[in-house]
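Student: In case you want the letters, here they are:
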Amino acid sequence: DSGVTQTPKHLITATGQRVTLRCSPRSGDLSVYWYQQSLDQGLQFLIQYYNGEERAKGNILERFSAQQFPDLHSELNLSSLELGDSALYFCASSVDSGTSYTGELFFGEGSRLTVL
Amino acid sequence: GIQVEQSPPDLILQEGANSTLRCNFSDSVNNLQWFHQNPWGQLINLFYIPSGTKQNGRLSATTVATERYSLLYISSSQTTDSGVYFCAVRVYKYIFGTGTRLKVLA
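These protein sequence lines are chains A and B, in that order. Once you know that position 12 of the first sequence is 12 in this note's numbering, the rest is easy, because the numbers rise by one and skip nothing. Quick note, this note's numbering runs 116 ahead of the 1-based positions in the second sequence.
There's no promise every hint is true.
[Stated by the list, open to error] Going by beta-carbon spacing under 7 Å, a handful of chain B positions derived as facing chain A:
1) 157
2) 158
3) 159
4) 164
5) 189
6) 192
7) 215
[What the hints assert, rightly or not] If you want the ones that stay clear, here's a sample from chain B, every Cβ over 10 Å from chain A, calculated:
8) 129
9) 131
10) 136
11) 142
12) 211
13) 213
The hints are simulated quantities; they were obtained by calculation from the structure and are not laboratory data. From the three backbone atoms N, C-alpha and C, an ideal C-beta is built for every residue, glycine too.
Sequences and hints are given; from them, build the entire structure.
Tutor: This is the structure in structure tokens:
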């Protein structure tokens with residue numbers, strides 16, 4: 001158990017719908033990252049938050065948005081869903097501090113999204 | 117941006133064999149990690165190794181930061197070692213390699 005909690009574990013929805021994925025980081029970790037892994041593909045970095053603020057942005061679509069709340073949990077919102085959005089969505093956290101970029105990354109078990 | 121290449125892309129071994137997985141990266145990094153993604157999709161931390169050598173049971177890893185590569189050694193492989201092995205490097209965000217898909221046959 002990495003200490004990173006993601007919900008839901010599985011989600012099936014229809015095209016055009018909107019879903020929210022939730023992540024609770026490990027206790028004490030200030031950074032939260034979101035990654036997307038399509039079938040048999042690598043991990044694509046979407047976005048990073050540090051202590052409530054956006055720190056880095058990757059290949060995140062405009063239909064997707066995220067935020068980190070004061071209690072440090074994070075949500076990834078996916079809207080106007082398309083078939084191609086079907087994927088495993090991972091949340092990860094690391095302790096980080098200030099401008100330090102050396103924190104070890106720990107992953108949740110992922111949320112498997114299927115868009116029909 | 118920084119490029120991360122892993123080799124080989126695919127590997128099939130008989131149980132008990134040894135293997136070496138390689139990760140090359142194109143620029144200086146602050147951190148490097150190895151992960152194992154098991155057949156159920158879970159990403160498991162293997163090593164946090166920005167430099168030097170570490171060992172954990174049958175697995176060991178070496179990172180030579182000045183030459184921009186890292187190696188993951190798996191000895192006496194078992195069927196439970198099957199899955200995909202990723203290295204990830206960090207400048208400010210983590211960038212993942214494309215992975216090595218390992219299948220260990222009984």
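Student: Enumerate the violated hints, using their earlier numbering and listing them in ascending order.
Tutor: 5, 6, 12 and 13
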